[in-house]
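Colleague: From first to last, the protein sequence lines stand for chains A and B.
Quick note on numbering: numbering that gives the first Met the number 0 labels position 61 of the first sequence as 60, and the sequence is numbered without any gaps.
Quick note on numbering: numbering that gives the first Met the number 0 labels position 336 of the second sequence as 335, and the sequence is numbered without any gaps.
Some hints here could point you the wrong way.
[What the hints assert, rightly or not] Straight-line C-alpha distance at most 30 Å; calculated DSS-like pairs for lysine-lysine: (1) B:K274 - B:K297; (2) B:K204 - A:K92; (3) A:K92 - A:K192; (4) B:K125 - A:K92; (5) B:K158 - B:K125; (6) A:K92 - B:K188; (7) B:K240 - B:K125; (8) B:K297 - B:K316; (9) B:K240 - B:K188; (10) B:K204 - A:K195; (11) B:K204 - B:K188.
[As the list claims (entries may be wrong)] Facing chain B, a subset of chain A residues (Cβ under 8 Å, in silico): (12) T50; (13) Y63; (14) D67; (15) V88; (16) S89; (17) K165.
[Claimed, not checked] Computed footprint of chain A on chain B, listed as stretches where at least three residues anywhere in the stretch have a Cβ under 8 Å from a Cβ of chain A: (18) 17 to 24; (19) 49 to 63; (20) 127 to 136; (21) 194 to 203.
The hints are simulated quantities; they were obtained by calculation from the structure and are not laboratory data.
Every value quoted in this text rests on a predicted model; they were computed, and no experiment measured them.
Note that the Cβ used here is the ideal one computed from N, Cα and C, for glycine as well.
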Amino acid sequence: MTTAAMAETLIYSRPEALRPVHTHYCPGCTHGVAHRLIAEVIDEMGIREMTIGVAPVGCSVFAYNYFDFDFAEAAHGRAPAMATGIKRVSPGKIVFTYQGDGDLAAIGMSEIMHVAGRGENITTIFINNAIYGMTSGQMAPTTLPGQKTTSTPLGRDVEVHGFPLKMCEILSQMEGAAYIVRRSLHDPANIRKAKKALRQAFEVQRQGLGFAMVELLSSCPTNWGIPAEAALHWIEEHMIPAYPLGDYKVHPAIAEKVGG
Amino acid sequence: MAKELLEGNVAFAEAAVRAGCEAYFGYPITPQTEALEHMARRMPELGRVFLQAESEVAAVNMVYGAACAGVRVMTSSSSPGVSLMMEGLSYIAGSEVPVVLVDVMRGGPGLGNIAPSQGDYNQMVKGGGHGDYRPIVLAPATVQELIDLTYQAFDLAEKYRCIVVILADGSLGQIMEPAEMPPMRPVRKAEDRPAWALTGAHARKPNIISSIYIDPVEEEKFNLVLMQKMARIEANEVRYKELLLEDAEIAVVAFGTAGRIAQSAIKAAREEGIKVGLLRPVSLYPYPYERVRELSRKVKSILVLEMNGGQMVDDVKMAVEGRVPVRFYGRMGGMVPLPDEVLDEIRALHAQRAPVPTGGAR
Numbered sequence: 000m001t002t003a004a005m006a007e008t009l010i011y012s013r014p015e016a017l018r019p020v021h022t023h024y025c026p027g028c029t030h031g032v033a034h035r036l037i038a039e040v041i042d043e044m045g046i047r048e049m050t051i052g053v054a055p056v057g058c059s060v061f062a063y064n065y066f067d068f069d070f071a072e073a074a075h076g077r078a079p080a081m082a083t084g085i086k087r088v089s090p091g092k093i094v095f096t097y098q099g100d101g102d103l104a105a106i107g108m109s110e111i112m113h114v115a116g117r118g119e120n121i122t123t124i125f126i127n128n129a130i131y132g133m134t135s136g137q138m139a140p141t142t143l144p145g146q147k148t149t150s151t152p153l154g155r156d157v158e159v160h161g162f163p164l165k166m167c168e169i170l171s172q173m174e175g176a177a178y179i180v181r182r183s184l185h186d187p188a189n190i191r192k193a194k195k196a197l198r199q200a201f202e203v204q205r206q207g208l209g210f211a212m213v214e215l216l217s218s219c220p221t222n223w224g225i226p227a228e229a230a231l232h233w234i235e236e237h238m239i240p241a242y243p244l245g246d247y248k249v250h251p252a253i254a255e256k257v258g259g
Numbered sequence: 000m001a002k003e004l005l006e007g008n009v010a011f012a013e014a015a016v017r018a019g020c021e022a023y024f025g026y027p028i029t030p031q032t033e034a035l036e037h038m039a040r041r042m043p044e045l046g047r048v049f050l051q052a053e054s055e056v057a058a059v060n061m062v063y064g065a066a067c068a069g070v071r072v073m074t075s076s077s078s079p080g081v082s083l084m085m086e087g088l089s090y091i092a093g094s095e096v097p098v099v100l101v102d103v104m105r106g107g108p109g110l111g112n113i114a115p116s117q118g119d120y121n122q123m124v125k126g127g128g129h130g131d132y133r134p135i136v137l138a139p140a141t142v143q144e145l146i147d148l149t150y151q152a153f154d155l156a157e158k159y160r161c162i163v164v165i166l167a168d169g170s171l172g173q174i175m176e177p178a179e180m181p182p183m184r185p186v187r188k189a190e191d192r193p194a195w196a197l198t199g200a201h202a203r204k205p206n207i208i209s210s211i212y213i214d215p216v217e218e219e220k221f222n223l224v225l226m227q228k229m230a231r232i233e234a235n236e237v238r239y240k241e242l243l244l245e246d247a248e249i250a251v252v253a254f255g256t257a258g259r260i261a262q263s264a265i266k267a268a269r270e271e272g273i274k275v276g277l278l279r280p281v282s283l284y285p286y287p288y289e290r291v292r293e294l295s296r297k298v299k300s301i302l303v304l305e306m307n308g309g310q311m312v313d314d315v316k317m318a319v320e321g322r323v324p325v326r327f328y329g330r331m332g333g334m335v336p337l338p339d340e341v342l343d344e345i346r347a348l349h350a351q352r353a354p355v356p357t358g359g360a361r
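Bound-form chain A, shown alone (with noise of 0.2 Å):
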């Protein structure tokens, strides 16, 4: 037995913001690395006991399990309405909503588009997996045309269901935006440039410069029913071509601290 101690160091750990508990996830849903991504980032920037997150309807209606904060629960699509009443009366919080595609953009789309508007100095984060999880595998605003889904057995035909709507292109044309982006969660790579966005969504309200939204395109194996490293690759081939990623809208006081 030797007594030398060996150096240990830290390179990887749970961050405070997230709590020690096991999730009620599938296998291969992309929502955990999301959750841990942005409580690294509430942990870098030191914020955690200054944020309230509101969590939505859907998948992540139990975000509140996993991060270990103040948490407001939501009507489904309401987040952001509810968002503003907690930051109006709070304005020295950090405020974020966590929602869906389902709850952001088909029955919360008006409240997300007057949060847009307003300027509303509120963060989102808008997971686009483009098909409905909780209630398992309907059709989302953002299913692809062709896409499979239950309620769309023969594939989302668009002269009957329409078109999937884009929502970084569409928030991107409000004056109250300040950053609106769209990142991927499919690799290593890509993961790391959506913390990067997460980190300046929460300095754009930080800053007071308006409404900050970060889209991440986001598997959802179960109900796309692949194996979950197909549905890795599956974000890359299909979504992101539908839902090019890339900077949208990015207030100028941001974009020249980063270089754009």
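Please arrange chain B on chain A, whose structure you already have, making use of the hints.
Modeller: Okay, now just chain B, sitting in the frame of chain A:
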């Protein structure tokens, strides 16, 4: 403070300001828009929050958010707008946060019209949104009462962590009469927000405000908590006013503006020698069942007057349990009953050979 000539809508808005209301979120709708306009001017002037929402759906969810943050918050609307708010009200009830809502009722269903009505009785008093909950519902009959009840509503909402509804109607919202404003109370300091509020988990465990209990066992436990709260409200918060009931053979039961109209008719009937009095429920939830029950053991008949097709009358009948005849008279569609019409109803009841009450004390 001296009496001033005040319009109902402006009066309740200013009463809320003086009760320490820190935030108002609303959407314009006739016949209560003057309240929103008053808040639009007053709240920023005092450094408080006013925001015109994009819809009543958004307004009630902004109210929900601000209530979660632990401030005194309110909204006001009228019938179709209140229908839109029902989703949010159910969530607010399910989250046990205090909220004040003023409903200045108008004719319906549907778009209806902008004339005074009491057609929201069932919607407000019986809960309205999904699930088992009741807001406290208070029905003023004068501008002074509208002021006083709105002023007290915030304390009540916080006492029970529930929704308090002031159920007024278009005539009370629009009427001008002399009334006195209560003194200005300071708004709550940021550090005095309640321990359960979402204020950031600084030096404490995180607060979660939610209405979801996925396990039926837990949901039922929570339902029982709400039921116990309702039992406390029913035991402590019953309010009503009475006129000339001591020797009455006929009792008129009417709330809000209808109660006020009944008062004129009762005075005229008394001049004709008819022994008639008025019970005017002020709290519609909790309803004064016990008082109606007592009356049904004393009087020969009861007349229920409402500005709807007959909604509160069900509660009266529930308390009367068939002991005496219950006659209903109502006008709908924004038509306001005239005292003469009510007098005719009282005369008709008087002319009937009222049966001697059976059950009870006699």
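Colleague: If a hint holds in the structure, say so; if it doesn't, say that too.
Modeller: We went through each hint and held it up to the structure:
no., hint, in the structure
1, B:K274 - B:K297, "12 Å, holds"
2, B:K204 - A:K92, "17 Å, holds"
3, A:K92 - A:K192, "25 Å, holds"
4, B:K125 - A:K92, "37 Å, violated"
5, B:K158 - B:K125, "21 Å, holds"
6, A:K92 - B:K188, "16 Å, holds"
7, B:K240 - B:K125, "21 Å, holds"
8, B:K297 - B:K316, "15 Å, holds"
9, B:K240 - B:K188, "36 Å, violated"
10, B:K204 - A:K195, "28 Å, holds"
11, B:K204 - B:K188, "21 Å, holds"
12, T50, "7 Å, holds"
13, Y63, "5 Å, holds"
14, D67, "6 Å, holds"
15, V88, "5 Å, holds"
16, S89, "5 Å, holds"
17, K165, "21 Å, violated"
18, 17 to 24, "holds (count 3)"
19, 49 to 63, "holds (count 11)"
20, 127 to 136, "violated (count 0)"
21, 194 to 203, "holds (count 6)"
In this structure, the hints that do not hold are numbers 4, 9, 17 and 20, in rising order.
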